[in-house]
Amino acid sequence: AQKVTQAQTEISVVEKEDVTLDCVYETRDTTYYLFWYKQPPSGELVFLIRRNSFDEQNEISGRYSWNFQKSTSSFNFTITASQVVDSAVYFCALSEEGGSYIPTFGRGTSLIVHP
Amino acid sequence: EADIYQTPRYLVIGTGKKITLECSQTMGHDKMYWYQQDPGMELHLIHYSYGVNSTEKGDLSSESTVSRIRTEHFPLTLESARPSHTSQYLCASSDHLNSPLHFGNGTRLTVT
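So the protein lines, in turn, are chains A and B. Heads up, the first sequence is in the numbering used here, so the first residue is 1 and it goes up one at a time. Heads up, the second sequence is in the numbering used here, so the first residue is 1001 and it goes up one at a time.
Here chain A stands alone, though its shape is the one from the complex (with noise of 0.2 Å):
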């Protein structure tokens, strides 16, 4: 079964809308880590944010904040005023203690942000 569930494959919007990415995540951990990463046209991997199991507080970094809860197993992230630059492929992933804290990640969302 997949620990990191990201349902949306891909999303459209155009520029200026905000946009929401899901993220389910599933484990028997009381401590785990969750990560989200973008991955730009160009091709490599760029760490967003990490949160850990304890704190629960949302985050937020200009246009994009993030959003864990653990009564739902989610940490969805939101893009604000997207622009083009947006455009690229989001990976949500998870480390838990019984998995020897290896990441594992969701299959991506493809962002694409028209002008």
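Just so you know, the hints here were simulated from the structure itself, not pulled from any lab data. Please note that a few of the clues may not be correct.
Okay, derived cross-link-like pairs now, DMTMM-like style, lysine to aspartate or glutamate, Cα gap no bigger than 20 Å in a straight line [to be verified]: (1) B:Lys1057 / A:Glu97; (2) B:Lys1031 / A:Glu97; (3) A:Lys70 / A:Asp29.
We have chain A already, so just place chain B on it with the hints.
Below, chain B without anything else, positioned relative to chain A:
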């Protein structure tokens, strides 16, 4: 400025050839990983290492081997390439087990 380097960036080879994909990092990270990324985007872990002389297989059996003789170097070898090995190979490193991964630019391999 990249701190983790993969070469070659692109490679086209014939079936049956032996190839080595290179990965080096200058950050002194103990943990290194190889992922295979298929055209559907999903990343599959194929090998990882916790330090020098430590290597483990991941979830995906890719008929490849790795070595970790030096901290900074983690090459991946395919003894006999097949068309099914056509994919993108991503190398990554981290300093601690729960730290974010630093990725290289990847090697896009095509086996004809």
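For each hint, the structure was consulted:
1. B:Lys1057 / A:Glu97: Distance ~18 Å between lysine 1057 of chain B and glutamate 97 of chain A Cα, so the pair holds.
2. B:Lys1031 / A:Glu97: holds (16 Å)
3. A:Lys70 / A:Asp29: holds (12 Å)
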